[in-house]
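Trainee: Chains A and B, in that order, give the protein sequences.
Start counting the first sequence at 1; every next residue gets the next number (my numbering).
Start counting the second sequence at 499; every next residue gets the next number (my numbering).
Just so you know, these hints were derived from the structure itself, not from any lab.
All figures in this text were calculated on a predicted structure; none of them were measured in a lab.
Do not take every clue at face value.
[Claimed, not checked] Here are the computed lysine-lysine pairs in the BS3-like style, where the Cα-Cα straight-line distance is at most 30 angstroms: (1) B:677 with A:375; (2) A:375 with B:775; (3) A:419 with A:387; (4) A:345 with B:727; (5) A:109 with A:92.
Residue strings, one per chain:
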Amino acid sequence: MDIILKLEDICKSFPGVKALDHMQIELARGEMHAVCGENGAGKSTLMKVITGVYKADSGNMYLNGEKVTIREPNDAYAKGIAIIFQETSLFKDLTVLENIFMGHEPVKKVFGVIPNIDYRAMKEKAQQIFEFLGIDKEISFDAKVDDLGVAAKQMVEIAKALTYDANILIFDEPTAALTSKDVRALFQTIARLKESGISMMYISHRMEEIFEIADRVTVIRDGSFVRTAAIGEVTEKELIAWMVGREMNEMYPKAEVEIGKPILEVKNLCKDGLLRNISFEVRQGEIFGVAGLAGAGRTEMAECLSGLMQRDSGDVEFYGSPLNVKAYREAVDAGFVYISEDRKKYGLSVPMTIKENLTMSILYKISKNGFIDFKEEENIVDDYMQKLRVKAPNREFVVENLSGGNQQKVLVAKALCAKPRLLILDEPTRGVDVGAKSEIHRIISNLAKEGLSIIMISSDMPELLGMSDRLMVIKAGTKVGELTREEFSQEKVLEMAL
Amino acid sequence: MKGKVKISYELIMFLILAALVVLFGILTGGIFFNPSVILGTTSDIAYLGIMAMPMTFVILTSGIDLSVGFMMVSSAMVFSVVYQATGYNLLIAAAACLLSGFVFGSVNGVIAARTKINPWLITMSTMYIFQSITWFFGTSYAFSTGYAITDFGYGTIGIVPTQLIVLLLVFAVFYILDKKTTFGRYVHAIGYNEHAVNYSGVNANKMKYFVYMIMGVVCALSAMMYLGKSWQVNQTTAVNMNIEVIALVVLGGTSTAGGVGGVTGTLFAALIVGVLKRGLALMGLGGDIYNFVLGGVLIASLIMFAYLEKKKKIVSREMAIKNMDE
Chain A
1 MDIILKLEDI CKSFPGVKAL DHMQIELARG EMHAVCGENG AGKSTLMKVI
51 TGVYKADSGN MYLNGEKVTI REPNDAYAKG IAIIFQETSL FKDLTVLENI
101 FMGHEPVKKV FGVIPNIDYR AMKEKAQQIF EFLGIDKEIS FDAKVDDLGV
151 AAKQMVEIAK ALTYDANILI FDEPTAALTS KDVRALFQTI ARLKESGISM
201 MYISHRMEEI FEIADRVTVI RDGSFVRTAA IGEVTEKELI AWMVGREMNE
251 MYPKAEVEIG KPILEVKNLC KDGLLRNISF EVRQGEIFGV AGLAGAGRTE
301 MAECLSGLMQ RDSGDVEFYG SPLNVKAYRE AVDAGFVYIS EDRKKYGLSV
351 PMTIKENLTM SILYKISKNG FIDFKEEENI VDDYMQKLRV KAPNREFVVE
401 NLSGGNQQKV LVAKALCAKP RLLILDEPTR GVDVGAKSEI HRIISNLAKE
451 GLSIIMISSD MPELLGMSDR LMVIKAGTKV GELTREEFSQ EKVLEMAL
Chain B
499 MKGKVKISYE LIMFLILAAL VVLFGILTGG IFFNPSVILG TTSDIAYLGI
549 MAMPMTFVIL TSGIDLSVGF MMVSSAMVFS VVYQATGYNL LIAAAACLLS
599 GFVFGSVNGV IAARTKINPW LITMSTMYIF QSITWFFGTS YAFSTGYAIT
649 DFGYGTIGIV PTQLIVLLLV FAVFYILDKK TTFGRYVHAI GYNEHAVNYS
699 GVNANKMKYF VYMIMGVVCA LSAMMYLGKS WQVNQTTAVN MNIEVIALVV
749 LGGTSTAGGV GGVTGTLFAA LIVGVLKRGL ALMGLGGDIY NFVLGGVLIA
799 SLIMFAYLEK KKKIVSREMA IKNMDE
């Protein structure tokens, strides 16, 4: 096999996380190579290392058998490697032609001295590329990119890559936002590219696509290489098993809890374009897991229930009475508390102190005529800091300077001091190190033991299976199914979610 | 940390104020140390200082209000018209004036709370509306001594000018709002991270409305003082006044990025500017020199503030690292 690109022993760490751990991959000339793995397995990091967005901590990269280092994205372009990102990187107020030559416009000299953009040369080259892609009839050079549809924008991106004479193209979930008709058109283009000898890498969650267009597939898990296989020699089931891989070796402190009556009943929850007819119930003392891919609508569901977003239709009953909140405050007052997945953006105000953050949602309860009762505030803060073992010198410590795990504990404490009857945890251990993670799991487990009902949204499969009593799987805004603890298996959940 | 005096921005401001007083005292051969002179320095800036207090709150929420000058003059004109029409009834005129300030501020507040338009653009637009109101009322309104309003703006209680007392009272109210109430906490929190405020079940938009509304009411209060001090207003009175008010807030160490700062710094800034203005005038130096010096002081204070903030960050980061190791 003629190997055009080869990566060996690639390692890349971010503070607290090992994103890539001795990863390897090789790409043959003219090949369509799929890369798959779970959310957060390291696929995007790998692509960013290849295209010079990130610099690997260690490891080697060979292009046509020669060792190369790619310092920045322009280096990658110069070497013929281009990436088509999930979100397009086009300038929406410029024309198609200006976009595809952005940063490397052909130049001619006026009077032999003044450099000027050579529009004629640009048009000629663009014409060739557009004809090759078969889009010369559909997309006008002078159209503003903002006026194009998603699919057309993607084609412009591909054309842009080809202006660099790229011979390696990387697609990062290109079909995520496309309709099935556009997907067909994209696949035709891909076939054309392949015929002309361009090598491609293709990141995707969608199994059926991988089996349709890929020649080989590489599976990545927790930043490590699992296996590369020819597509004809592997089944979908095997692929999922490789992606999930790890054994349930982490111990989850799941306490035996007497599960009571249903306290929350959701019927036909709908939100235009995001959620369709989601129904479920949660019982007293239960940890109810919600699984699904990123963008499946899990967070939106939580926000629609808690009044942070208004639902279009659907009935919600909480402790026997309907819960129709217009604002999040009403939900908090009813004992329905949501903890955001994005700790730094929505959850906490990180430049403020632990004290100020912790009491933000109950400040009105501990004040009289608008004047804060500082004594009571301090008591509450000290109490919860101790209960959740927040490691900080004092309550006036700025949250920004706490570790991720301790920030998360402050966030949980902030929710708990509102005295919830139901807690929605959205990605409770994202960006938290292993030690703090198990501590947070212990906290969650204890809360359930005390009779608190919990909805836990998580992309961390072992966590979800280890902690939940029951779980439901959401895919593209609809409920795919529900599993009881006895039926739990990572393969089953992933199969439903994909 | 313990035992050592913490070098805060406010402390530096106080030292600068003291140094300026001493400096001008020496340069003017002692005239400046005369209590009536030194207390009188506030009469040039009290009306600006009063407006700078709510402006501090506006800027703490990472907003801005460019319309303050014309809000002030429009409500001053409302006062004048009602004052004359009611046969110089101070109470009714004052109520009408405050009400107009409330309405003007509410216009800004409602737009700032209900839309996502940048406050720079909102208040720049409403500024033109308030300006046109001053043209609608007409050219000039003047009062000479003998009216109650001039006593309010020009009088003294003992040797202390009424204006200084009003400034300190307004400062005290805003200081308490800032430090003791939920409103003050929310104002800072909105400036730091508005999302987190909304995700805590607090209606950040309502708070923003209050901030701009209060700004309008205090502009009206300032209007009455200004009338009493200057005895007259006309359409050009408010030109550049918004910049003068904002300059006091910025000089006082409140960050336009939101969150950081407070009214104590603003008070010191107002006092410093008052001393500078009067001191330079007593030395026979004109407005051009004053502007030059004020610009220099502003730049110097901004550089110093940035330096102190950076140092504060380094110290707290070091504490964070120490905290990790334990």
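Trainee: Check whether the Cα positions of residue 345 of chain A and residue 727 of chain B lie no farther apart than 30 angstroms.
Mentor: violated, 48 angstroms
Trainee: What's the verdict on residue 677 of chain B and residue 375 of chain A, does the C-alpha distance respect the 30 angstroms limit or exceed it?
Mentor: holds, 14 angstroms
Trainee: Next pair to validate is residue 375 of chain A with residue 775 of chain B; report whether the Cα-Cα distance is within 30 angstroms.
Mentor: violated, 44 angstroms
Trainee: Between residue 109 of chain A and residue 92 of chain A, does the CA-CA distance stay at or below 30 angstroms?
Mentor: Cα-Cα ~28 angstroms, so holds.
Trainee: Within a Cα-Cα threshold of 30 angstroms, do residue 419 of chain A and residue 387 of chain A meet the stated pairing?
Mentor: holds, 14 angstroms
Hint check: violations occur at hints 2 and 4; the rest are consistent with the structure.
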